[in-house]
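Make a model of the complete structure from these sequences and hints.
Chains E and R, in that order, are what the protein sequence lines are. In terms of our numbering, the first sequence opens at residue 1 and continues consecutively. In terms of our numbering, the second sequence opens at residue 1 and continues consecutively.
FYI, nobody ran anything at the bench for these hints, they're computed from the structure. Everything numeric in this text was worked out from a predicted model, so none of it was measured. Think of the CB as a built atom: it goes at the ideal place given N, C-alpha and C, for glycine as much as any other residue. Just to be clear, a hint being listed does not mean it is correct.
[Unchecked claim] Example chain E residues on the side facing chain R (calculated, C-beta under 7 Å, incomplete): (1) Glu9; (2) Thr15; (3) Leu16; (4) Glu18; (5) Leu22; (6) Gly80; (7) Lys102; (8) Pro103; (9) Ile106; (10) Leu108.
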Amino acid sequence: MKVLLIDDEGELISTLAERLSLRGIDADWVTNGEEALKKVEDQCYDLAVVDVRMPKMSGLALKRLMAEKCPRLKFIFMTGHGSEDDYKEGTAQAGAAYYLLKPLNIELLIEKINEVIKEQGDKP
Amino acid sequence: MSIIDRLKPEFWDYTDVAAGPHEHLFDFRRMWKLAAFLTAAVAVIPLILLSALNYHVTQSSIESERLSRTARLVSNTRRTIFYFFEERRSALDFIVKENSFESLNRLGSLEQILKNLKNSFGGFTDLGLIDPLGRQRSYVGPFKLGGKDYSDQNWYREVLKNGVYISDVFLGFRNAPHIVIAVARSHPNGLSYVLRATLDIKKLDDLLSDVEVAGRGDAFIINRHGILQTPSLYHGKVLEKLSLPVPDYALKTQVVEGNDPNGVPLFIGYTYINDTPFILMVVKDKKALMKSWYKTRMKLIAFLGISITLILIVVVGMATYLVNKSYMADQKRIMTLHQVEYTNKMASIGRLAAGVAHEVNNPLAVINEKAGLIQDLVTLKHQFGGDPRLLELVGTILSSVKRAGTITKRLLSFSRNMEISVEPVNIKDLIDEVLSFLTKEAEYRSIRVSLIASEDVPPIESDRGKLQEIFLNLINNAFAAMSDGGNLDIEIKNGEEDKVLVTVADDGCGIAEPDLKRIFEPFFSTKAKKGGTGLGLSLTQNFVREIGGTMTVASKVGKGTNFTITLPLKMETKEGGTNEGVVNRR
Chain E
1 MKVLLIDDEG ELISTLAERL SLRGIDADWV TNGEEALKKV EDQCYDLAVV DVRMPKMSGL
61 ALKRLMAEKC PRLKFIFMTG HGSEDDYKEG TAQAGAAYYL LKPLNIELLI EKINEVIKEQ
121 GDKP
Chain R
1 MSIIDRLKPE FWDYTDVAAG PHEHLFDFRR MWKLAAFLTA AVAVIPLILL SALNYHVTQS
61 SIESERLSRT ARLVSNTRRT IFYFFEERRS ALDFIVKENS FESLNRLGSL EQILKNLKNS
121 FGGFTDLGLI DPLGRQRSYV GPFKLGGKDY SDQNWYREVL KNGVYISDVF LGFRNAPHIV
181 IAVARSHPNG LSYVLRATLD IKKLDDLLSD VEVAGRGDAF IINRHGILQT PSLYHGKVLE
241 KLSLPVPDYA LKTQVVEGND PNGVPLFIGY TYINDTPFIL MVVKDKKALM KSWYKTRMKL
301 IAFLGISITL ILIVVVGMAT YLVNKSYMAD QKRIMTLHQV EYTNKMASIG RLAAGVAHEV
361 NNPLAVINEK AGLIQDLVTL KHQFGGDPRL LELVGTILSS VKRAGTITKR LLSFSRNMEI
421 SVEPVNIKDL IDEVLSFLTK EAEYRSIRVS LIASEDVPPI ESDRGKLQEI FLNLINNAFA
481 AMSDGGNLDI EIKNGEEDKV LVTVADDGCG IAEPDLKRIF EPFFSTKAKK GGTGLGLSLT
541 QNFVREIGGT MTVASKVGKG TNFTITLPLK METKEGGTNE GVVNRR
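Structure follows, in structure tokens:
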């Protein structure tokens, strides 16, 4: 299980990666889309946690490019711009597995990651 | 409310406080006055002028027609009177020229002549022959005047001088009004003798009585001293002094206007009768004569009065209608302008709120992760000796971050609802959300807020953003009206026919009766000095209307105010919409 975390806020994303590692989840982190694409070229991840709003390349655009390179990659979006309503809508629209609001609830994130892993494990 | 207040149009007491230097353009009372005055002046002044001119011309022509008719009557009558005297004088002249003194003096001669005169002319009473010495030599008549000496009398001297003499009317020995006519004949020896006759005035009086004088009129004769020579119907008996002044001498017939001693206006026609001491007068009562004109005049004045009244009613009505239309259009314009302004302002606030929320969210997220990591290090990696004090502090940081996160989410939700969209809304949840903005203020000011909703109230199809603004405005107003420790009761229940009723009742200062009917007017504010714009309730009412609802208010000073909002279960959306420029979120 390999997770790639992408957010322009380095302090946030590095800490999140550390916290996931503490919980036994192998997580890499980058602060922009280009780096993320390079990472995906090097190795295929199981899950990407992407911030929707980033400079240069938005989370949605990045999702499309990454999905081309690694079709089995699953996505969880996160945003600081959302509200409860967006949470429901955004998920369906973006084609992401989940849509989480910042500040993140780590327990909820772990729960969602586990759900994604379980789904992948169920597949033949 | 007085009748004047009820009739007063809405714009009468209106002042556009925002008009600034162009205030006169929005002074509807002035506009009304100008429109009404100018239209009335243009319509009424020519009517009055024409009527006055017509009145004057008609009256003058009727007066002049009455005057000329009087003049004609006087002139005709004068001819009759003149011939009356002329005939009798000529007859006497003929007798005195045809007969010598001796033949006239013969016994029975005068008697025969008087008889013939009475038969032919009438009016002769007696006849006397006076010799050159002034003694009456022969006399026939009812009195014994034979031998009477007239030589020292004025009339005798005058007849000798002029050849003829006609006296004024006098009573004389006979004690009956009569006139003396005398003619003189020069004798070949240079001495003159005189034939003298007395005329009864009855014949003359009959002549005048036959004259038909219209308009309470009267025809009579006076002498040059103003003594009545024949009786008058209205101006005295024979030989009395006439109550009117003696008219000035004139060669021809004259008609003048004058007044009798009682001030009654008269038409006075008169003429001096040639070769006699008499003045013929025809006096008519002007009022009686002009009676038919006065009747017509009253009708004309009444017609004019009714016309002017009708014109004024129409002018006032039209001016009021047009100015009112203009006033309403202006009110609509002001409302639209303010709504646009308000919408822009709220949109700006929304954008600002969203920006702030986002900006705050990012550092919050970092704090959240860092604190979370500390917590993880303590609990998962057992670092820092598992210090419970540290864990507690981190816990506090995390719960504070959560609280702050809730606030930013709420701000974002609020700003998203600036745009128009119809969706199912649970009124209770919506009001709860609005109240959450004011929870702290309510706590600080010890205001008790109760929100009661009937269980059976269904969600309504309406615009969430508008509803938020409506209730935020109303609840804010209620907070402003209440003193610390007040009570705010909000009740939601089902109304009639697919309506939901929401009542917002406070126990604040209340609204005075005169202000109550004006609180929905734009710019009406009792808090102007405290920074109120006077737009809150007017906009709120507009929003309520926009989503198809109605709003009523009841208030008592010192007791509190009660706003009731009726909302339709399903808001009707306008085809094409009036909200151009607003981009729908979906």
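Verification of the supplied hints:
Contact between Glu9 (chain E) and chain R, as hinted, is supported at the beta carbon level, the nearest pair being about 6 Å apart and thus within 7 Å. At about 4 Å, the closest approach between the beta carbon of Thr15 (chain E) and any beta carbon in chain R falls short of 7 Å, and the interface hint on this residue holds. Because the smallest distance between the Cβ of Leu16 (chain E) and any Cβ of chain R comes to about 5 Å, under 7 Å, the interface hint for this residue holds. Residue-level restraint check for Glu18 (chain E) holds (minimum Cβ-Cβ distance to chain R is 6 Å; threshold 7 Å).
A hinted interface residue such as Leu22 (chain E) counts as satisfied when its beta carbon comes closer than 7 Å to some beta carbon of chain R; here the least separation is about 5 Å, so the hint holds. Interface hint status for Gly80 (chain E): upheld, as the beta-carbon distance to the closest one in chain R is roughly 4 Å, under 7 Å. A hinted interface residue such as Lys102 (chain E) counts as satisfied when its beta carbon comes closer than 7 Å to some beta carbon of chain R; here the least separation is about 4 Å, so the hint holds. Using the Cβ-Cβ criterion of 7 Å, the hint placing Pro103 (chain E) at the interface with chain R is satisfied: the shortest such distance is roughly 4 Å.
With a cut of 7 Å, the hint placing Ile106 (chain E) at the interface with chain R holds, because the nearest CB-to-CB distance is about 5 Å. Because the closest C-beta pair between Leu108 (chain E) and chain R is about 12 Å apart, greater than 7 Å, the hint is violated.
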